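*Asks:* This is what each chain is made of:
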Amino acid sequence: VNYVLLQAANGIVVGLIYALSAAGLTLVFCEVKCRSGLGFGHPLEAITYEKMRTLRQLAAVWMREHRRKASSIRLDAIGVVLVTGQEPSVTHVRAVG
Amino acid sequence: VASACAWSVALVGLEGRIVEVEADIGAGLPRTVLVGLPDSALYQARDRCKAAVSNSGQEWPISLLTINLSPATLPKAGSHYDIAIVAAILAAQRVFPAEELRRTVLLGELGLDGRLRPVRGILPATLAAQQAGFTRVIVPLRQAGEAELVDGIEVFGIGSVTQLVAFLRGLPMPVVEPIDVVGEPAGKHANRRLDLADVVGQVEAKWACEVAAAGRHHMLFHGPPGVGKTMLAERVPGLLPDLDVHDALEVSAVHSLAGFNLADQLITRPPYSDPHHSASVASLVGGGQRTAKPGAISCAHKGVLFLDEAPEFQPVVLEALRTPLECGMITLGRSEVHARFPARFQLILAANPCPCGQAATPGGHCQCSPVVVRRYAEKISGPIRDRIDINQAFLPLRKAYLKAALQRAESSAVVAERVQEARDRQRRRLAGSGWQTNGEVSGSYLRRHLPLPDGLQVVDEAVDRGRLSARGVDKVWRLAWTIADLAGHDVPGRDEVAIALAMRRGEQPGAVRLEVVGP
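Here the protein sequences come in this chain order: Z and P. For reference, each letter of the first sequence is one residue, going 1 to 97 in my numbering. For reference, each letter of the second sequence is one residue, going 1 to 519 in my numbering.
You can trust all of the hints, since none of them are fake.
Distance windows between CB atoms, simulated:
1. V83(Z) with P97(P): 30 to 36 Å
2. S278(P) with Y49(Z): 44 to 50 Å
3. Y49(Z) with D180(P): 40 to 46 Å
4. Y49(Z) with G57(P): 27 to 33 Å
5. T135(P) with T48(Z): 42 to 48 Å
6. T135(P) with T84(Z): 49 to 55 Å
7. G37(Z) with G170(P): 33 to 39 Å
8. H338(P) with T54(Z): 44 to 50 Å
9. T48(Z) with E59(P): 18 to 24 Å
If you only want the chain Z side, here are some residues facing chain P, beta carbon under 10 Å, derived:
10. G41
11. L44
12. I47
13. T48
14. Y49
15. M52
16. V93
17. A95
Calculated lysine-lysine pairs in the DSS-like style (CA-CA distance at most 25 Å, straight line):
18. K33(Z) with K51(Z)
19. K33(Z) with K50(P)
20. K69(Z) with K51(Z)
21. K51(Z) with K50(P)
Worth flagging that the hints you see were computed from the coordinates, not collected in a lab. None of the values given here were measured: they were computed from a predicted structure. Virtual Cβ for every residue (Gly too), placed ideally from N, Cα, C.
The shape of chain P in the complex, shown without the other chains:
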């Protein structure tokens, strides 16, 4: 009768909890029992581990083998416990000293040949191990780079059970062909280097993007097809400054959990996520049966979520965005756990005015009946519209304008510089508040701590006429601050508030806005 334990990590949302894997070799007919709320993928670990151990030249105990994953009440899912289970069993058989497993977390799935397969969530799991005071983590060889992104913990990459045994016995490790990481590389969009100068015309919309990027405001683009809504949205992440270390770690952890391949480096550019309009609620906000996996909104954390053809999304999918838009995170309740994922994304919606796309477009011939046009617009509900800071209309380009616009197109780099300056101003002003940008600041903080801008009569008037909700007032206020930050003013004045109100309501006060656009 012998027993030993090894340690692994259970991920609930982004939080990792340490799981103790106990193996007990007791008297009884040969049987392997796995207890401690495993899901089906984990329950099959028994058979995977047995084959892996036998094929690695080790013995599977011929007696009653009990494997317990504790805390027993925490539901556990996934295949990454395999290597910890095998380590506990081999330690119980004294294949290597059980003390070798102390203060060590093991992560990885086993193939039947005994080789270690990469798993998702290595980065958040390693973070959890480090925070729990563990000094060493053993991961699949090809994911050692990802685990090494965490400071303050020793990382060992191993390729197979034979290598693990040799390593823990202090013997030279045999050569094993490691299994490569599959999964879409993360940060693919950031490498595409899209330039704002590629978009012809749409000077006002570009400026709206600049404001949105500077203050992290949500936007709604509406206009006929083919005027550059999608092109412009794709270029917004390029205007955002690099992520700081804390954000980079958090964003990388979410991507690791979602199964992206981090390729051994942190994601330092703001991510971009553009789910297709056939997306389900679960794919957008995250989901799973017993536990949950992050969705598109979490993959856009600290970056941009672009929903093209927003009215084509199922209404229930769009409505699911309401809470995360407000609180910057999503809590998914499942039968056994509540998983929390960060989701502080910047939303950009794009919509045509009607099914044919020509309604309210100068020179366009709309074929749709007024009822159809109204229905189409209603697909983006009031509550969602109310959470949008900037409503930006796109107009078709005239030929003459096209020519003129071509010459003075600004590149992303120039705009990004102005955005960075505006961000610096915000950071100085909001220092110690916990927020970094105007778009995130809470309404109460805004009213209490930021000096009241002049010229609020414009806003009051709009409220009185029922054109602006209480939330809308805060939105206008935040926008005004961002516009002032971009213009280099310390406090927003009457002009900034007027522009902010116009942007919020999607009006086209061309004259006013062009004044600010001027270089």
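With the rest of the complex left out, here is chain Z:
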């Protein structure tokens, strides 16, 4: 699958990125959550229902502003674990919201 990164929203909260990519005709809005260890649980566990709802609203706003059309949209989540001295581990789950 080819993803084209359309826009990344950075700097709202440290470690939180909104990334947009188009795979075929599907627009994907992705929540990225990063943690520096598993002491407080996996980053994916911190992606709550409220966060996904915000992302969904954001998707609607973005599409209206950019006048983009797509046959379908999808909400994904990516969990990143960054432990110093180790390869970062990235978990991508599709269609979560």
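Position chain P relative to chain Z; hints supplied.
*Replies:* Structure of chain P alone, referenced to chain Z:
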């Protein structure tokens, strides 16, 4: 994406149904969903299992985890599914081969540290697993003895999740301190060894107990306080013969379900249950909100239910006994299931004649007004009285009589022997009918298959005068058979019928009865 299943048992009344626990690790945000009509104790299994798995050195899947308990329409209650849920999840993660769980039933609640806690109902659940064709059952370590009471199924006791994983991987099991079974030991009363000889006097009442024990007849004791009603009732189970294997298994299963500790052995002595008069309907007949737990009457199945101070019970509680007294079982309807529990108990009621206890007692000075005395007696309703076979009045003891009685008191062992002989006669006569004792035989069977005893004119007369109901006739008939069995006669004669009628109506035909009492 992976899935696996494990098996457990749902208990509806005494019947167990196999429940398939499926765990599916799918794509999605990390979340655990439990579906299949769980109750609140079972829904909390999610959190218990998660902590138990993490604390056992295993991983809880970081993805959407769906646990399904099927059949999905059967409501499930209780905490004993924990270990099956964990096993299914670990098998889905390939911690051990999923094939290891085939033909295996898992039962047990998990502590947060990953150790397995004992649960109630292990015996009936194991029975259900064996009947459903499962070959292996895994239970909490301390309850392996209880599960082993069931033949034809392999039993493994484990102490924790780490032990379960090691066991299913075929590795040596780590040492774990198992959690002990809490719960009142079952059959406590049977160990008390109360002797009939301890009761002074009351020869007639003792004989009534002997008849009741021989034929499993219901009794009502009435008399002033302090004459030995309670003492005598407590000694009735000691007169009953041991339970046979089938009954022992059934009685033990009910006790296991009620949360008693079986201590790894079947209950072989008839149980005794004496709920306090403050008892609620639910505590007596069994209850619970969505599903049901056996009550005192089921804990007295194949044994004795003694209600002391019967008029002090709430009327609605006593009336709840009507149906189980007739059909020997109780069906509790709840919003989602109907639970059936066996309740073939032998009822003994004890009552004072009035609030002060002295009414109609020779030498007593009753302080109560006639209306109060009547009200007190009415608290045991007509329908309940009609189901009583033997009405036994207790009289206060005279000093001289006390002395004489002391010398010829019979021990329980002697009486139990006569009861056993009478039971043997009944078993031979009733072979193939499905009943074992006179007290249980249905009225229609009684009339059709048992030869008509002579001297029924006595009974007919009583019916004509309105003193005996149709049910009462059957009761007298059954009693007459038991009296004949005790006396060693093949068929009850006129005397037996006369005595039976007198016992049923609570008369005191001393002369007639003493003839039979003679050794």
